[in-house]
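Protein chains in written order, with this note's numbering: chain A, 24 to 340; chain B, 2 to 290.
Check each hint, because a few of them may be wrong.
[Claimed, not checked] Simulated crosslink set (DSBU-like; lysine-lysine; CA at most 30 Å straight-line): (1) A:K189 to B:K245; (2) B:K245 to A:K144; (3) B:K153 to A:K264; (4) A:K189 to B:K101; (5) B:K153 to A:K167; (6) B:K99 to A:K264; (7) B:K227 to A:K189; (8) B:K101 to A:K148; (9) A:K144 to A:K264.
[To be verified] Examples of chain A residues lying across from chain B (beta carbon under 10 Å, computed): (10) N146; (11) V147; (12) G188; (13) G195; (14) Q196; (15) A201; (16) N203; (17) I205; (18) E206; (19) S245; (20) L256; (21) M270; (22) I282; (23) G285; (24) F304.
Everything labelled a hint here was simulated from the structure, so no lab data went into it. Computed from a predicted structure; not experimentally measured. Beta carbons: idealized from backbone N, C-alpha and C, even for Gly.
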Amino acid sequence: MSKTLAFEEPIIKLQEKIKELEEFTTTSEVDLSDEIEKLKTRLKNLEKDIYENMEPWDRVQVARHPQRPTSLDYINEIFDDFIELHGDRVFGDDAAIVGGIAFFGEIPVTVIGEQRGRDTKENVKRNFGMPHPEGYRKALRLMKQAEKFQRPIICLIDTKGAYPGKAAEERGQSEAIARNLIEMAGLKVPVISIVIGEGASGGALAIGVANHLLMLENSWCSVISPEGAASILWRDSSLAKQMAEAMKITAPHLEEMGIIDGIVPEVMGGAHRNPKAQSAFIKEAIEKSLAAFKGMDGESLVQDRYEKYRNVGVFSE
Amino acid sequence: MIRDLFTKSKKKQSITIPSKDAQHDVPEGLMTKCPECKEIILTKDLMKTAKVCPKCDHHFKMTAWERVECLFDEGTFVSMDDHLKTENPLQFPSYTEKVKSDAEKTGLNEAVLTGIGRINGCEAAVAIMDAHFRMGSMGSVVGEKITRVVEKATELRLPVIIFSASGGARMQEGILSLMQMAKTSVALKRHADRNLLFISVMTYPTTGGVSASFASVGDINLAEPKALIGFAGRRVIEQTVREKLPSDFQTAEFQLTHGQLDAVVHRGSMKDTLFKIVRLHTKEVYSHE
Chain A
24 MSKTLAFEEP IIKLQEKIKE LEEFTTTSEV DLSDEIEKLK TRLKNLEKDI YENMEPWDRV
84 QVARHPQRPT SLDYINEIFD DFIELHGDRV FGDDAAIVGG IAFFGEIPVT VIGEQRGRDT
144 KENVKRNFGM PHPEGYRKAL RLMKQAEKFQ RPIICLIDTK GAYPGKAAEE RGQSEAIARN
204 LIEMAGLKVP VISIVIGEGA SGGALAIGVA NHLLMLENSW CSVISPEGAA SILWRDSSLA
264 KQMAEAMKIT APHLEEMGII DGIVPEVMGG AHRNPKAQSA FIKEAIEKSL AAFKGMDGES
324 LVQDRYEKYR NVGVFSE
Chain B
2 MIRDLFTKSK KKQSITIPSK DAQHDVPEGL MTKCPECKEI ILTKDLMKTA KVCPKCDHHF
62 KMTAWERVEC LFDEGTFVSM DDHLKTENPL QFPSYTEKVK SDAEKTGLNE AVLTGIGRIN
122 GCEAAVAIMD AHFRMGSMGS VVGEKITRVV EKATELRLPV IIFSASGGAR MQEGILSLMQ
182 MAKTSVALKR HADRNLLFIS VMTYPTTGGV SASFASVGDI NLAEPKALIG FAGRRVIEQT
242 VREKLPSDFQ TAEFQLTHGQ LDAVVHRGSM KDTLFKIVRL HTKEVYSHE
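Generate coordinates for the entire structure from the input sequences, incorporating the hints supplied.
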């Protein structure tokens, strides 16, 4: 059973009504097919109307949908022969970040993703997709490995943030993130990062210093979650909805500001409605991005990344 | 009634006794009270010890210009990019006013002062964050100023020293603030690729997005004693892990024990330490031939 989001309620109600009528036609003598057709057209229009005019907060809800595909779901759909590689070689293996090698079509690639769980049990294992330092260090190890073997790197961003825990602090959460930023700046292979769900704070950016930074249509990305910002700036986390609007965190906003290089379209109503079709959209986006960097040498890739981030900021002189 | 008199007098007492915060917060004037040991110190004496309590060694917060005074040979520091102005890219309510009032209060255009100066004759590029300006938080201008001074240092082949004092990213600039972490990183990477020296000095406080970007990746990481250094805030961590954290959690000494710092350096010997490190990196490279 799919979870219904508040803004979708009119659609669900209409769907139920149609179902009811359809059942009624099969069990009784009355032919209601005309009415049903009319309602179906209305449903189509309503869906278009609602899903194409989603408010920032609606998108946040879709990005957090429990059935939304995770990194591993996409990895299994998009890549072939994926072999997961574990551990940071220093402390441990963080299940909140997965990574490994795989074929993207004919091209060997390294793929890394922040991994949340679908249910409570898996979420405990995955720490709700909130990595510890060893997760970021594993990611960096795999990126350096990719560079050695000249493989492009695909990163899937999906986190509420790096884990704010005691052990994470003791093992250098700040340093792990900071190290990734600076080392990613120098990678001599193409890096494509895609925000597939939530992308909050340094925990997201730690696998996001890319040649192309893309976002799924209903994902969000910001310096902090809307709840966090509302609680700090307005001292009331229940104002998250207003904050989601004020902070400009959606893919269209970030594209407008020139922060991201493109939006990956989502299936109507959100990626969870059809993960297979969604994977195809992402696959197409990766193909396009990889084609853009084909034949570029290492120095040019570093230069490209430098220019991309060097010029971010709004100020006057 | 007697009871009335009693409550009345109690009320009166609570009005005249300053709040707990106010007791710690002695306004700048002739005398300054140490918030740690409560010692009363002559304010002009405090400047002689680089704002370190002579009794308990507490390191008071410093303004960026006070640090310049303690650090550089007299008259050698030249500031850069003081003309950059903060905008309000997300049209955040009351943000412009807050920045303006902090600029008036501190005399800085933003939460970092950058420039080039000499330490015992050795030239170095420096960025000094000032926590009196929006808690030293990093928005577009802070990111830009740091990036520019790093690029200047790369061009002139100078070492970079960054004094961090920041609560983290500037929330009112949203994603733009987050991206300043990437911007400063790509600039530092270029500096590093030319085998140039970067010394990070963490002071009270170095947290959030600043701690999770340039502050943590110096070739040499130093910190002032007792400086608060960490990624997440104490309150957030306590709520997450549901336990009380030890009092020394996220102090400079804690970070030293956990391998995140090369040394904790007393403010009194900071200039000399920086001089020695810079000198060790500017002497001719030893040749095996």
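Against the structure, the hints:
A hinted pair counts as satisfied when its Cα atoms are at most 30 Å apart, and K189 (chain A) with K245 (chain B) qualifies at roughly 10 Å. Distance hint between K245 (chain B) and K144 (chain A) is fulfilled; the C-alpha atoms sit about 26 Å from each other, no more than 30 Å. In summary, the hint linking K153 (chain B) to K264 (chain A) is not supported, as the alpha carbons are separated by about 42 Å, beyond the 30 Å threshold. For the proposed pair K189 (chain A) and K101 (chain B), the alpha carbon gap of about 37 Å is over 30 Å, so the pair is violated.
Of the pairs offered as hints, the one joining K153 (chain B) and K167 (chain A) holds, with about 29 Å between alpha carbons and a cut-off of 30 Å not exceeded. At most 30 Å may separate the alpha-carbon atoms for a hinted pair to count; K99 (chain B) and K264 (chain A) meet this at roughly 24 Å. A distance of roughly 18 Å separates the Cα atoms of K227 (chain B) and K189 (chain A); the hinted pair therefore holds under the 30 Å criterion. Restraint check for K101 (chain B) and K148 (chain A): the C-alpha separation of about 47 Å exceeds 30 Å, so the hint is violated.
With a C-alpha separation of about 29 Å, the suggested pair K144 (chain A) and K264 (chain A) falls inside the 30 Å cut-off, and the hint holds. Checking N146 (chain A) against chain B: minimum C-beta separation of about 14 Å lies over 10 Å; hint violated. Checking V147 (chain A) against chain B: minimum C-beta separation of about 14 Å lies over 10 Å; hint violated. This hint holds: G188 (chain A) has a C-beta 5 Å from the nearest C-beta of chain B, less than the 10 Å allowed.
With a least beta-carbon distance of about 5 Å to chain B, the hint placing G195 (chain A) at the interface is held under the 10 Å criterion. Interface restraint check: Q196 (chain A) against chain B, minimum CB-CB distance 4 Å, threshold 10 Å, status holds. A cut of 10 Å between beta carbons decides the hint on A201 (chain A): the least distance to chain B is about 4 Å, and the hint holds. With 10 Å as the threshold, the beta carbon of N203 (chain A) comes within range of chain B, its nearest partner Cβ sitting at about 9 Å, so the hint holds.
Interface restraint check for I205 (chain A): the shortest CB-CB distance to chain B comes to about 5 Å, inside 10 Å, so the restraint holds. At a threshold of 10 Å, the smallest CB-CB gap from E206 (chain A) to chain B is about 8 Å, leaving the interface hint in force. Residue-level restraint check for S245 (chain A) holds (minimum Cβ-Cβ distance to chain B is 5 Å; threshold 10 Å). A least Cβ separation of about 6 Å between L256 (chain A) and chain B falls short of the 10 Å threshold, and the interface hint therefore holds.
Interface restraint check for M270 (chain A): the shortest CB-CB distance to chain B comes to about 4 Å, inside 10 Å, so the restraint holds. The beta carbon of I282 (chain A) comes within 6 Å of a beta carbon in chain B, closer than 10 Å, and the hint placing it at the interface holds. At a threshold of 10 Å, the smallest CB-CB gap from G285 (chain A) to chain B is about 16 Å, leaving the interface hint violated. Taking 10 Å as the C-beta cut-off, the interface hint given for F304 (chain A) is violated, the closest approach to chain B being about 23 Å.
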